[in-house]
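We have chain W; now place chains F and V with the ligands onto it with these hints.
Protein chains in written order, with the working numbering: chain W, 2 to 366; chain F, 58 to 227; chain V, 3 to 524.
Treat the hints as calculated values from the structure; they're not laboratory data.
Heads up, some of the hints might be wrong.
Simulated crosslink set (BS3-like; lysine-lysine; CA at most 25 Å straight-line) [stated by the list, open to error]:
| # | chain 1 | residue 1 | chain 2 | residue 2 |
| --- | --- | --- | --- | --- |
| 1 | V | Lys244 | F | Lys159 |
| 2 | V | Lys86 | F | Lys159 |
| 3 | V | Lys516 | V | Lys502 |
| 4 | V | Lys326 | V | Lys387 |
| 5 | V | Lys302 | V | Lys509 |
| 6 | V | Lys291 | V | Lys502 |
| 7 | V | Lys380 | V | Lys428 |
| 8 | V | Lys129 | V | Lys59 |
| 9 | F | Lys129 | V | Lys214 |
| 10 | V | Lys502 | V | Lys284 |
| 11 | V | Lys83 | V | Lys302 |
| 12 | V | Lys129 | F | Lys159 |
| 13 | F | Lys159 | V | Lys209 |
| 14 | F | Lys129 | V | Lys129 |
| 15 | V | Lys302 | V | Lys326 |
| 16 | V | Lys509 | V | Lys450 |
| 17 | F | Lys159 | V | Lys284 |
| 18 | F | Lys108 | F | Lys92 |
| 19 | V | Lys367 | V | Lys209 |
| 20 | W | Lys155 | W | Lys79 |
| 21 | V | Lys284 | V | Lys244 |
| 22 | V | Lys209 | F | Lys129 |
| 23 | V | Lys508 | V | Lys428 |
| 24 | V | Lys326 | V | Lys450 |
The structure displayed is predicted, hence computed values, not measured ones.
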Amino acid sequence: MDSAVLATVILALIKIALILAVLFTGVAYYSLAERKFSAFMQDRIGPNRCGPFALLQPLADGVKFFLKEDVIPHHVDKVLYLAAPAMAMIPAMATIAVVPFADPIPAPASGLFASLGQIQFQLADINVGMLYIFAVSGLAVYGVVIAGWASNNKYALLGSLRASAQMISYELTLGLSVLGVFMVYETLQLDAIVAAQTSFISFLPVAIPKWGIVVQPLGFLLFLIATFAETSRLPFDLPEGEAEIVAGYHVEYGSMKFMLFMLAEYSHMIIASAVITCLFLGGWNLPWVDMSSLPAVQRVAAQLAVFTAKAGFFAFLFIWVRWTLPRFRYDQLMRLGWKVLLPLAIANLVATGAFYVVKYTVGIG
Amino acid sequence: MAIIVKKPAPLTFWERIYLPAILKGLGMTMRHMIKTLAGGGVTIRYPEQHKRVPNNYRALHVMPTWEDGHIKCVACEMCSTVCPANAITVHAEEDENPEIEKRAAFYEIDELRCIFCGFCEEVCPRDAIHLTKNYEFVTDNREGFLYGMDRLTKTGRLVSELEAKENKDR
Amino acid sequence: MPKITIDGIECEVADGLNVIEAAKTIGIHIPHFCYHPALSLVGQCRMCLIELDPIPKLQTACSTFVKDGMVIRTNTEKVIKARKAIMEFLLINHPLDCPECDQAGECDLQNNSFEFGQGFSRFEEQKRTYSRDIPVGEKLVRIQDRCIHCTRCIRFFREIVQNEVMTYQWRGNNTAMTPLEQDGRRLDTNYSGNMHELCPCGALTLKDFRFKTRPWNLANTESVCPLCSTGCNIFIDHKQRKIFRIRPRVNMDVNTWWICDFGRIDFGYAHSETRIAGPRVKGADADWKTALDTAAGLLKTTGASATAILCSADATNEEALLVKKLAAALGCSAASLPAPGVDPLEMEDHLLLRADKAANTQGLKALGIVPDPALADKLSGGAIKTLLLINPFNKQLAAALDGVRDAVAKIPNLVVLDHNETDFSKAAAVVLPGAVWAEKNGTFTNYKGLVQRINQAFAPAGKARGDFDILLALAQGAGADIACKTHIDAYNEIRDDLLKLEAQIKKDIEALQKAAAEAEKA
Ligand code: SF4
Ligand code: SF4
Ligand code: SF4
Ligand code: SF4
Ligand code: FES
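Extracted from the complex, chain W is given alone in its bound form:
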C-alpha cells in the first residue's frame, strides 16, 4: 500500500482512538459536573462518596450500568429495540469527526507521517463540514423515534413523537441561523471559519475581532437556542417527562442500553459546545494574542486549552440553564419555534444578505 495512504489510515485510527477516549471521559465527567453544579446551585454538596471530589463517581456509575440485568421486555420489537440505542449513539459520535481543535502542526520530518506534510487536529477536514454536521446530527432523531416505536409502549411512543416534532421544528432555525455565518466567512469548512475569525472588523475605528458572535449576534442567539432544543435540554426537554409520560422514549430501556442514550445526549452537548465555539467564538484563537510564533507543542497545548475553555463554558451553560429555567409547555415550544425563532432566523438571513449586497454594490468595508 502507498505509504501516504497507510499513514493517513493509521493517523486517522490514532485520532479516532484519542478523540473517542477524550469524548467518553468528557461525557463521564460532564455527567458528574452536571450533578455537582446542580447541587451547588441548589445549596447542596452533590455526590461526594466515590473518591476525592467524587472523581470516581462516573466509574461507579459505569460499573453499575454494566452490572445491571439486561432486560428485554417480551412485548418489544427485538431488532429495532436493540438497534435504537446504537442509532442514537452513532450520529452523536460521528459529528465530532469534522470538528477541529487546533491549528495543524507540521509532520515530523522523517518517519511514517513525513509524507503527510502536516498533522491536523481534526479527524476529517471536509469542505462541507457544517453541512455534514447538520446531516449527521439530523439522523440522531431516528434513534429516539425508533426507540419509542420499538418499545411498543404508549408513553415511549408519545415521548419519541414529541422528540421528532421538536427536532424538526428547531432544525430549521438551526440551519437558517447559521447561514449568516457562512455568508460572512464564505466557507462551510470549520477550520476555515475558525481561521477567518482571527481577522478584525476593518471599517470600524476600534479593532473588534471578527468573531461570529460579533458579526452575527442574532444568529448566535438563535443558534444557541436551537441547539438547546436539538439536544433536548431544558427548557426544551419535552421528550422526557416523568409526570406525564413516565420517562419518555427510553422508558423500556435499562442497563447498558439506557446508558447509551445518556451517552448520546451528553456527547451531543459536548459536540454542540465545540461547534458553537468554532462558529461563533473564534475556535482556539484569542484576539490580540498571537500563538503562531510559539514552538509547535506549546502552541497546540495553548490552543487546546483555549478551545477547551471556550467549549467548557458552553458546556457549563447547558448545565446552568437547565438548573435555572423551568420547561416550556408543548404549545409554547411549538409557538416559539415556528412563530418566533424561524421568522427571526429568516430576517437575520435577509438582513445579512442585504448587507453584503449593499457592501459589494456600494463597495464599503
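Quick look at chains F and V with the ligands alone, frame taken from chain W:
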C-alpha cells in the same frame, strides 16, 4: 357577589422577549453556586454529621427493665391492640413472682411495619416500651428488622449517648 | 301488666320484673354487680341505685319490683353521684392491675368504672391484699385482691351447682371469698368454669384461658356444644383458626346461662397432634381426588349385603341425609351403633350434662339412621367386607365398637372418615380427613328435638375437608344423583322430618313427665 378578577397587565416588550428574565434567573443560580462553593451549603453531611433531632423524635423502640433486669412489660397487649400498623406481637406467660403475675414470653416488633406513631409508648400502662431517638438501625435483610425482647432490651442506644454524638458533630 | 315511667318514658312491662329487667326492656341500662337473673337477690353492691318517686332515699333497682304507676329515674344528678361514690368505694381496695388481669376487656368493674365512675380516688392508704396460696382447684384462678364482694360466687355454688363450697371468711374490710374444700365439697365441679363469666371482675378467672390472649382479639362464632345431647348454646371464641375458649350463649330453652366445664374446656381435639394430616390410601399419603375415587370405588366392590355404613351421632343432620343417600345408592344399610344403655333423655347430673355423649342422636333417628343390633354380629362374624366408618373418634361410637375392634380393623375395604386418628383410621384402606364441629356448618337436633344451627368458625385444618363435601363426593362417586349441593339445600330437604320429630319428642316427654308425676302421687 361577583368576584372581580384583575387581569395582569400585558407584558412589556422586554418581558416578552424573556431574555432579561432568563439572565436574572441565571444570575440567581450563579449566586447560589458561588455561595455554596464558598462554604455556604445548607445540607448536613449525614454519615459524618448528625442532625440534632428533637427530643420527642420517635425511632427504634427500647424495652426498659427493672434494676434486677426483669422485664417491665406485663404483656397486657395494649400496644399490640393500639398499634395501627399491626407491628407488635405479644404472648404472655405466668411469672413466678405472684406480685408481678404476668410477663411477656414473646414480644416482637416488626420495625419495617412500624410507622413510628408512638401510640405503643403512649398506651403502655407499665412504661415498658419507649421510642428512642436512634434512627440508625438499617440492615440488609428483613429478619434484621424483627426486634424481639432480647434485642429490644439492649439495642436502644441511650439518649445521652446520642446527644453526645450530636453535640460533637455540630 | 303494670304501667311505669322510667326516665320520663312511659311503658308497660311484664309482671314480677325488677327495675333492672324492666329498664332493660326499653333499652335503659342500669349498672349492677351482684344482681344476676339466675341467682337470688342480695342487694349487696349498691351499684344499681335509682330514684323512685316519692321515696327520698335512693333504692336498689335489683330488689325493687315494678308496681303500677311507679316513676323511676336512673339519670338524675343524685343517682350519678351515688354511682360515682359506689365506684370509688369499690375501687378502694381493688388493685386496678388491669394490664395483668385476664378479665380486662370484658370486666363489669372496668366497664362500669369507665362509664359511671370517676378518674381518680381519694384513697391514699395501703390497699389490703390477700395470700394467693389458697388452693382453688384445677379449673379456676382466684385472685382475691380483685374481689368486690358481690357474692355471686357463693350464690352460684349454693343455688346452681348445689355444692356450697364458697363462703365468706373474715369480716369487714378483710372479707374474703374462700373455697372450703371439705366434706366432699370441691371447687372443681362440672360447672365451676361458669364463674369465668359470672364473676364481675377478675377475682375468679378460667385457668385454661389464663394469659392465652385478650378477649377483644377473639372472633365469636355462634355454635352448639357437640359433647352431649343437651346441645348447650355456645360461642366459639377463636383467633387465627384456633379455638381459645368456649363461652355459654344464653338460651332459656336449653342451657339458660350455663355450660358444663367439659364443653368449656374439652376442645383440644380440634387442634391436637393426632388430627389426620391428609387423605391416605393404603397407608400412603394421597391427594383428595385419588382418595375419594378409591373410596367410592371400594364401596361398590363387594355388593350390598357385605357393605355397611356406620356413622357416629356427631354427624350433622345434613351429613346424615347424605349418609342415607349414599347408603341408598349402594343399596346397603346405614346405622349408628348404640352406646350400651344410653337413653338420649337420661341426665348425668342435676343441671345440664346428659349421658348421651353425642350431639345428634335424635337427628339421626329422625332420618332413619338408627342403631342396628344385628350389625355388631355381622361385623364380628366377618360378614361385612366393606365398611364406611364415620367418626369412630366419637366416644360413644368407640365404646360401642369396643367388642368388635379387631374384627373391624381386619375388614379389607375399610374407609374411615374422621378428624382424629384412631385404631380404625390406622387400619383403614382409605382415610378421609374430616372436620371438627367448629369447622362445619349444619344443624344438630338435641335431646328434645330442638334443631339448632352450628356455624363454621374457621376452615378445616390443613388438608381436611368438611364432612358434608366429602360425603357429597362419595355419594356422587357411588352414582347417586344428589340435588342438594350445600348444607342449606340439605336442611331444606329434611326440615319437615325434623319438625315432625320435634313434635313427637315433645309429646313423648310430656307423657313421660305425666307418668312420673302420677307415679309420685301414687
Ligand atoms: S409493652 Fe406495655 S403495653 Fe405492650 S404488652 Fe408490655 S406492658 Fe402492655
Ligand atoms: S410506634 Fe406505632 S406503629 Fe410502631 S409499634 Fe408502636 S404503635 Fe405500632
Ligand atoms: S378486675 Fe377488672 S378492673 Fe379489676 S384489674 Fe381486672 S380488669 Fe381491671
Ligand atoms: S370472687 Fe367474684 S363473684 Fe365472688 S364475690 Fe368476689 S367478685 Fe363476686
Ligand atoms: S345489683 Fe343491686 S345492689 Fe348489687
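(Q) Tell me if the straight-line CA distance from V:Lys380 to V:Lys428 falls inside 25 Å. (A) holds, 22 Å
Q. Taking 25 Å as the top limit, are the C-alpha atoms of V:Lys302 and V:Lys509 close enough?
A. violated, 41 Å
Q) Straight-line Cα separation of V:Lys516 and V:Lys502 no greater than 25 Å? A) holds, 21 Å
Q) Would the pair V:Lys502 and V:Lys284 pass a check requiring their Cα atoms to be no farther apart than 25 Å? A) Outside the cut-off at roughly 43 Å; violated.
Q: Please work out if V:Lys291 and V:Lys502 have their alpha carbons no farther apart than 25 Å.
A: At roughly 38 Å apart (the allowed maximum being 25 Å), V:Lys502 and V:Lys291 break the hint.
Q: Would you check the hint for V:Lys302 and V:Lys326, treating anything up to 25 Å between C-alpha atoms as holding?
A: Within the cut-off at roughly 15 Å; holds.
**Q.** 25 Å Cα cutoff - pair V:Lys209, F:Lys129
**A.** holds, 23 Å
Q: Assess, step by step, whether the Cα of V:Lys367 is no farther than 25 Å from the Cα of V:Lys209, and give holds or violated.
A: Cα-Cα ~38 Å, so violated.
Q) Taken at face value, is the distance from the CA of V:Lys450 to the CA of V:Lys509 at most 25 Å? A) Roughly 10 Å between the alpha carbons, so the hint for V:Lys509 and V:Lys450 holds.
Q | Agreement of V:Lys508 and V:Lys428 with the hint, judged by alpha carbon distance not exceeding 25 Å | A | Outside the cut-off at roughly 42 Å; violated.
Q) Straight-line Cα separation of V:Lys284 and V:Lys244 no greater than 25 Å? A) violated, 30 Å
(Q) Just to be careful, I want the Cα atoms of W:Lys155 and W:Lys79 compared with a cutoff of 25 Å; is the pair within it? (A) holds, 17 Å
Hints 2, 5, 6, 8, 10, 11, 17, 19, 21, 23, counting from the list given before, are not met by this structure.
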